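**Student:** Residues per chain, in single letters:
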Amino acid sequence: MSARRTDEPAGGLLRGIVERHRLARGPLLPILHDVQREAGWIDDRTIDLVADELNLSRAEVHGVASFYTDFRREPSGGTVVRVCRGEACQAVGGEEIHAALLAGGGGAVTVDQIFCFGNCALGPSVEVDGTLHGRVSVGDLPELITGPTGAAPDAA
Amino acid sequence: MSGGPGVEVTVYVPADSAARSVGADRVAAEVRRAAAAAGRAVRIVRTGSRGMAWLEPLVEVETLRGRIGYGPVRPGEVAGLVDEGLLDGEGDSLGPVEALPWLCDQRRVTFARVGVVDPRDPDSYLEHGGLTGLRRALEVGPEQVLEGMTASGVRGRGGAGFPAGVKWRTVAAAEGDLKFVCANADEGDSGTFADRMIMEGDPFQLLEGMTIAGLAVGASEGYVYVRSEYPDAVATLRAAITAARERGWLGPDVLGSGFGFDVEVRVGAGAYICGEETAMLESLEGKRGMVRAKPPIPALSGLFGRPTVVNNVLTLCAATSVLADGADAYQELGTGRSRGTQVFQLGGNIARGGIVEAPFGVTLRDLVEGYGGGTRSGRPVRAVQVGGPLGAYLPVERLDLPMDYEAFAEAGAMLGHGGVVVFDDTVDMAHQARFAMEFCAAESCGKCTPCRVGAVRGVETIDKVIAGTDVDDNLALLDDLCELMTDGSLCAMGGLTPLPVRSAVSHFGEDFLDRDRTPHTTRELSP
Ligand SMILES: Cc1cc2nc3c(=O)[nH]c(=O)nc-3n(C[C@H](O)[C@H](O)[C@H](O)COP(=O)(O)O)c2cc1C
Ligand code: SF4
Ligand code: FES
Numbered sequence: 001m002s003a004r005r006t007d008e009p010a011g012g013l014l015r016g017i018v019e020r021h022r023l024a025r026g027p028l029l030p031i032l033h034d035v036q037r038e039a040g041w042i043d044d045r046t047i048d049l050v051a052d053e054l055n056l057s058r059a060e061v062h063g064v065a066s067f068y069t070d071f072r073r074e075p076s077g078g079t080v081v082r083v084c085r086g087e088a089c090q091a092v093g094g095e096e097i098h099a100a101l102l103a104g105g106g107g108a109v110t111v112d113q114i115f116c117f118g119n120c121a122l123g124p125s126v127e128v129d130g131t132l133h134g135r136v137s138v139g140d141l142p143e144l145i146t147g148p149t150g151a152a153p154d155a156a
Numbered sequence: 001m002s003g004g005p006g007v008e009v010t011v012y013v014p015a016d017s018a019a020r021s022v023g024a025d026r027v028a029a030e031v032r033r034a035a036a037a038a039g040r041a042v043r044i045v046r047t048g049s050r051g052m053a054w055l056e057p058l059v060e061v062e063t064l065r066g067r068i069g070y071g072p073v074r075p076g077e078v079a080g081l082v083d084e085g086l087l088d089g090e091g092d093s094l095g096p097v098e099a100l101p102w103l104c105d106q107r108r109v110t111f112a113r114v115g116v117v118d119p120r121d122p123d124s125y126l127e128h129g130g131l132t133g134l135r136r137a138l139e140v141g142p143e144q145v146l147e148g149m150t151a152s153g154v155r156g157r158g159g160a161g162f163p164a165g166v167k168w169r170t171v172a173a174a175e176g177d178l179k180f181v182c183a184n185a186d187e188g189d190s191g192t193f194a195d196r197m198i199m200e201g202d203p204f205q206l207l208e209g210m211t212i213a214g215l216a217v218g219a220s221e222g223y224v225y226v227r228s229e230y231p232d233a234v235a236t237l238r239a240a241i242t243a244a245r246e247r248g249w250l251g252p253d254v255l256g257s258g259f260g261f262d263v264e265v266r267v268g269a270g271a272y273i274c275g276e277e278t279a280m281l282e283s284l285e286g287k288r289g290m291v292r293a294k295p296p297i298p299a300l301s302g303l304f305g306r307p308t309v310v311n312n313v314l315t316l317c318a319a320t321s322v323l324a325d326g327a328d329a330y331q332e333l334g335t336g337r338s339r340g341t342q343v344f345q346l347g348g349n350i351a352r353g354g355i356v357e358a359p360f361g362v363t364l365r366d367l368v369e370g371y372g373g374g375t376r377s378g379r380p381v382r383a384v385q386v387g388g389p390l391g392a393y394l395p396v397e398r399l400d401l402p403m404d405y406e407a408f409a410e411a412g413a414m415l416g417h418g419g420v421v422v423f424d425d426t427v428d429m430a431h432q433a434r435f436a437m438e439f440c441a442a443e444s445c446g447k448c449t450p451c452r453v454g455a456v457r458g459v460e461t462i463d464k465v466i467a468g469t470d471v472d473d474n475l476a477l478l479d480d481l482c483e484l485m486t487d488g489s490l491c492a493m494g495g496l497t498p499l500p501v502r503s504a505v506s507h508f509g510e511d512f513l514d515r516d517r518t519p520h521t522t523r524e525l526s527p
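Sequence order for the protein chains is W and R.
Note that the first sequence covers residues 1 to 156 in the working numbering.
Note that the second sequence covers residues 1 to 527 in the working numbering.
Please keep in mind that the hints were generated in silico from the structure rather than gathered at the bench.
Incorrect hints may have been included.
[What the hints assert, rightly or not] Computed spacing ranges between beta-carbons, pair by pair:
#, chain 1, residue 1, chain 2, residue 2, range
1, W, Arg37, R, Val7, 42 to 52 Å
2, R, Glu483, W, Val138, 52 to 62 Å
3, R, Arg26, W, Gln113, 24 to 34 Å
4, R, Glu483, W, Leu23, 46 to 56 Å
5, R, Pro296, W, Ala103, 42 to 52 Å
6, R, Arg32, W, Pro142, 49 to 59 Å
7, R, Ala476, W, Ala99, 49 to 59 Å
8, W, Leu102, R, Glu139, 56 to 66 Å
9, R, Ala476, W, Glu74, 39 to 49 Å
10, W, Glu74, R, Glu406, 44 to 54 Å
11, R, Asp105, W, Glu38, 42 to 52 Å
[What the hints assert, rightly or not] If you want the footprint, here are the derived chain R segments under chain W, 3+ residues with CB under 8 Å:
#, stretch
12, 69-75
13, 277-288
What you are looking at is a predicted structure, and each value in this text was computed from that prediction instead of being measured.
Each residue gets a CB set at the ideal place from its N, CA and C atoms; glycine is no exception.
Using the sequences and the hints, build the whole thing.
**Tutor:** Take a look at the structure:
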């Protein structure tokens with residue numbers, strides 16, 4: 001995801017997000033999703049503020065934020081690569097892709113495992129900063145991650 | 001032949017996320033560029049996908065002979081194809097797409113519009129028969145809708161196969177001034193993508209089905225719970241909801257009938273267990289996705305404790321066909337107690353993967369060898385997993401199994417959401433069994449010990465088998481663990497994980513016992 005990443009997600013940003021969802025039934029997940037998207041992660045201060053705003057206990061919000069893998073409790077580094085480890089991708093070499101990504105060792109890449117993108121007839125599937133790629137081979141990875149020019153990814 | 005220069009040509013390029021994953025956006029841009037260079041006017045319509053994944057990106061051109069197809073088209077090939085007459089349906093084409101045997105041999109009901117219409121355009125929906133079911137439902141009223149759903153025999157497509165009419169009747173009979181309809185679009189099973197393709201390719205159909213359900217049970221609000229791995233589905237669905245509200249298809253006065261119903265999209269957050277209906281309800285309420293003990297059933301006490309219909313996307317879509325074409329037409333398709341069509345999804349190591357919608361009763365062999373054309377790698381098929389990560393692994397000898405709920409249950413397998421994942425002979429079934437346990441350990445909601453702890457033990461035990469340590473003892477231990485998980489788990493996550501594990505051991509014992517003789521280190525895949 002090409003998220004705008006600030007050092008501190010909390011504050012004014014949060015108030016706007018809460019307002020957006022205040023009338024929704026069960027607004028906690030939509031709020032956490034927006035924080036995640038706009039700030040890149042969910043810090044402790046955000047948890048406190050969300051708890052205050054929604055009249056929930058801090059433990060409750062913390063419990064929800066840590067239950068779901070989409071919500072990051074610490075900032076992610078650089079390009080976010082999400083690789084499918086579902087069975088249909090395994091059947092065409094998905095585990096080799098996963099292993100190659102983990103072995104890649106590049107500091108500016110965060111590798112997450114996903115269980116299925118719904119692209120199971122065109123695997124292996126790998127998503128790079130929010131863009132899904134099908135029929136990926138290990139050889140494709142460097143170009144997918146750093147772009148065709150070999151330049152460093154746009155970290156903005 | 002269509003017209004020459006000056007006459008606008010309509011070109012269809014899928015915006016389905018699978019097609020996009022192999023370059024459909026760049027192909028659409030190239031078509032625009034090449035047409036401009038040739039001085040031709042084009043209208044590019046971004047459709048869903050026809051479900052012929054191996055042909056993606058599949059470009060179609062409107063001509064007097066119908067829609068002529070080209071595929072798979074690489075971005076770099078577009079200029080050449082346009083030179084050779086693509087905009088007039090000439091050159092190296094697949095011919096009329098609707099005449100392709102792979103497509104005509106199917107019985108497309110739920111998928112009739114997918115890949116054909118512009119999914120964001122309500123007029124396109126109407127032109128292709130949309131809203132017929134809802135109009136009929138408003139005409140005949142809730143009682144007749146409930147009767148039709150029951151008579152049709154529609155069974156839940158989310159996995160359990162529960163009769164939809166019975167569920168709707170329970171919600172309709174429940175007391176309550178506020179009721180909900182929740183579409184389960186979590187589609188967590190790997191190897192499945194039909195819900196996604198409906199949401200990306202024909203989202204109005206889902207909204208129509210939900211509205212029919214709302215009318216039948218007396219609900220005023222609907223939620224679609226979509227997994228976060230499907231951002232395109234979320235965007236298309238939201239656009240469709242906005243358009244439907246503008247047209248008065250959703251809102252306080254649906255089609256001028258006085259009945260009020262609206263729909264909101266909610267996005268999951270990367271938890272497989274949230275596909276289980278009670279965990280999904282917890283998640284919709286803003287909580288951790290923990291499975292609830294039943295009773296109470298969601299039909300009586302569901303979202304925020306209110307009576308709630310929870311149905312899979314395809315179940316709700318089936319309601320539009322039942323209403324539009326009648327319960328009898330639906331009943332006529334299928335076999336035994338499995339009525340209608342099922343949307344099979346062919347994935348994994350398969351030459352021609354995608355969507356096969358066919359009446360229940362088609363065999364696994366028809367799907368894997370017929371439609372699917374065997375493996376993508378060209379090697380022999382060795383194993384097929386049906387029904388997602390909690391589904392059994394079947395050996396190639398079982399391919400003659402008919403695809404219906406009862407036949408599968410008898411064979412110790414399950415149909416689930418209709419996913420069919422093919423593996424060639426390089427597969428290591430001990431690894432697949434290990435993965436089933438690993439997946440359960442990663443995705444367990446943690447409520448019951450047999451699931452939470454059993455799965456972790458399961459991984460350790462299979463690791464020992466793989467290492468060749470006390471193989472017989474460890475296989476016996478694995479069997480005990482499976483027994484414990486089957487008997488002692490609250491939901492099917494822990495309860496069915498033993499299915500892939502045990503089927504792997506029983507059908508592919510050599511991968512567990514004779515590991516030295518069957519090295520699984522080489523794999524060659526031609527793309
Ligand atoms: C672990 C687990 C995961 C499930 N995942 C899904 C899912 O992704 N989509 C779905 O429709 N049903 C899923 N189900 C089934 C639902 O609990 C429920 O039966 C279904 O949504 C009911 O709708 P239906 O009757 O139309 O099938 C899952 C069940 C379990 C136990
Ligand atoms: S079986 Fe597993 S996922 Fe299901 S309720 Fe128990 S712990 Fe949760
Ligand atoms: S299993 Fe990888 S996309 Fe479905």
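**Student:** So, for every hint listed, does it hold in this structure?
**Tutor:** The hints, checked one at a time:
1. W:Arg37 / R:Val7: 42 to 52 Å: For valine 7 of chain R against arginine 37 of chain W, whose Cβ atoms are near 44 Å apart, the range 42 to 52 Å holds.
2. R:Glu483 / W:Val138: 52 to 62 Å: Once the Cβ atoms are compared, 40 Å apart, the range 52 to 62 Å for valine 138 of chain W and glutamate 483 of chain R is violated.
3. R:Arg26 / W:Gln113: 24 to 34 Å: Holds - the Cβ-Cβ distance for arginine 26 of chain R and glutamine 113 of chain W, about 28 Å, lies within 24 to 34 Å.
4. R:Glu483 / W:Leu23: 46 to 56 Å: 49 Å, holds
5. R:Pro296 / W:Ala103: 42 to 52 Å: The hinted range 42 to 52 Å holds for proline 296 of chain R and alanine 103 of chain W, with Cβ atoms some 49 Å apart.
6. R:Arg32 / W:Pro142: 49 to 59 Å: Because 30 Å falls outside the window, the suggested range is violated.
7. R:Ala476 / W:Ala99: 49 to 59 Å: At 31 Å between Cβs, range violated.
8. W:Leu102 / R:Glu139: 56 to 66 Å: 59 Å, holds
9. R:Ala476 / W:Glu74: 39 to 49 Å: 43 Å, holds
10. W:Glu74 / R:Glu406: 44 to 54 Å: 50 Å, holds
11. R:Asp105 / W:Glu38: 42 to 52 Å: 48 Å, holds
12. 69-75: n = 0 at 8 Å, threshold three: violated.
13. 277-288: With 6 residues closer than 8 Å to chain W, the stretch 277-288 of chain R meets the three-residue bar; holds.
The structure fails hints 2, 6, 7 and 12 (numbered hints given earlier, in ascending order).
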